[in-house]
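K.L.:
With the numbering used here as the guide, the letters of the sequence shown map in order to residues 243 to 715.
Heads up, some of the hints might be wrong.
Said to hold, decoys possible - The calculated EDC-like cross-link candidates involving lysine to aspartate or glutamate, where the alpha carbons are at most 16 Å apart (straight line), are:
#1 Lys424 with Glu446
#2 Lys468 with Glu506
#3 Lys466 with Glu506
#4 Lys493 with Glu518
#5 Lys558 with Asp498
#6 Lys458 with Glu402
#7 Lys342 with Glu402
#8 Lys513 with Asp526
#9 Lys493 with Glu415
#10 Lys572 with Asp472
#11 Lys493 with Glu462
#12 Lys573 with Asp472
#13 Lys281 with Asp312
#14 Lys468 with Asp385
The hints are simulated quantities; they were obtained by calculation from the structure and are not laboratory data.
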Amino acid sequence: MDKKKPKWWLVPIIAIPVLLVCLYLGVSAFYGAFSKDLKNHRFIFGTWVNGLYATGLTVSELNEILCEGDDEGVFTIVDNHGIKSFVHYEEIGFESDYTKLLEKMIDSQNPFLWFMGLPMGMSYKLNPVYSYNDELFNKSVADAPAFAYSNNDVSKAVVEIKYDESRGFYLYEDIGDTIDSKKAKDDIGKAMLAGDDSYTFTDEDLIKRNLSEADKKTYELWEKIKDIQDVDITYDLGDRKIEVDSSVVAKWIIGDDGRILTDEDGNIAFKDNCIEDFVTELSDICDTFGKSRTFKTTAGDEIVINNVYIGTALNKKAEINYLKEAVLEKKKEVRTPEYTKYVGTGNVDTVGDTYIEIDRANQTMYYYVDGELILSTPVVTGNVSTSHATPSMISPIVSKERDRYLIGPDYCSFVHYWMHIRNGIGIHDAMWRSEFGGDIYKWGGSHGCINTPDDAMAQLYENVSVGTIVVIY
């Protein structure tokens, strides 16, 4: 009879399931499936707690990680004067603990179902239980500056209106409201245990005192002052800003003796002409029209020109009326002042990079656009010998005309191009001239205008716009 051959092919069929079962039971055992003590349980796959990956950790291991550094923080106490005090957690035995929450969470996990978190994971957000040493807490808090007034005599309180040049009038209160130490400490402790990192005293933390009649009058006056000072205007002067705020308004209501000005009815009164004086000071800054300018010539020389007809001149009357209204209406805005004169292009206080330059000594005219020399031509300026010399000045082109007559006491000249600068002086072509430049102006110059060759004048007229600055020296 033939021997039966062993059925080796059955080995893997039996062994593999057995191994898988053993592996499954082994992993389950790792996560605490066979222990009733939660201390031996571990968080299953895909568990996240407060952003930390907790898989495979025990409650004590995860608690230690979560609590790390919690005792190194600082708690801030802000008193009724806004003064801050700081309590270091390590000085009061401050601790955090997640144990009970973690035990409850791990108890809800089935170690035999350790694979349930594999697909998407499970995320938990837990808040710890905080605690501190009462004796250390009371000592540390009692030593904080915020409690320095806890035993003050409330009768020594002070309510005053004080003046500071940088901020104006302000209310100074050392009102002596005694801190209710027990309640304040309780509130601070509750804030700590709630996980807050600061506590600000409330009115409920203070033992109020009774205000005297003088104190009440001080508060009443302060409300009026605060109302008057409640203005914030910024004058926009281009490259400079001027503020009209409480510090400025305060100077309008303070007497020479440093006291607040009031009328017979106790209302705030303004100094005589205080706003007018302020606007005068403002105009000293704003008024640049007519003030001399330093100019760098094409030759590289820096010269001073006194006859200047660009810049600004403040409309004082308009600004005085505006400020009186602004204070009453408590305006808070950026203000561009009104001007009686506002002459120039771009920054009206400067010549800029686009301008016409006329050098009388060298009888040459230059035209610059954005700092680049576009045109240079000889010219003939006013006749020196007949006292018609072209005056030095800085002034804009005020108008342009084609094909017109220039008429004077003893002349009538037709020109194709005319650009008026000021007081009858302008730049124009001169078809009656065949030569330009040199010393012609000394004995055969114009009546004050700048005579220019036809081709150069045509080019200049085509490119120059009204408002372009002309510098003559």
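K.L.:
State for each hint whether it applies.
P.N.:
Tested hints:
1. Lys424 with Glu446: With Cα atoms ~12 Å apart, Lys424 and Glu446 stay inside 16 Å; holds.
2. Lys468 with Glu506: 19 Å, violated
3. Lys466 with Glu506: It holds: about 15 Å lies between the C-alpha atoms, which stays within 16 Å.
4. Lys493 with Glu518: Distance ~13 Å between Lys493 and Glu518 Cα, so the pair holds.
5. Lys558 with Asp498: Violated, at roughly 25 Å.
6. Lys458 with Glu402: 11 Å, holds
7. Lys342 with Glu402: 55 Å, violated
8. Lys513 with Asp526: 21 Å, violated
9. Lys493 with Glu415: It is violated: about 22 Å lies between the C-alpha atoms, which goes past 16 Å.
10. Lys572 with Asp472: 6 Å, holds
11. Lys493 with Glu462: 20 Å, violated
12. Lys573 with Asp472: With Cα atoms ~8 Å apart, Lys573 and Asp472 stay inside 16 Å; holds.
13. Lys281 with Asp312: Since the Cα atoms of Lys281 and Asp312 sit roughly 23 Å apart, the hinted pair is violated (cutoff 16 Å).
14. Lys468 with Asp385: This hinted pair is violated, its Cα atoms lying about 36 Å apart.
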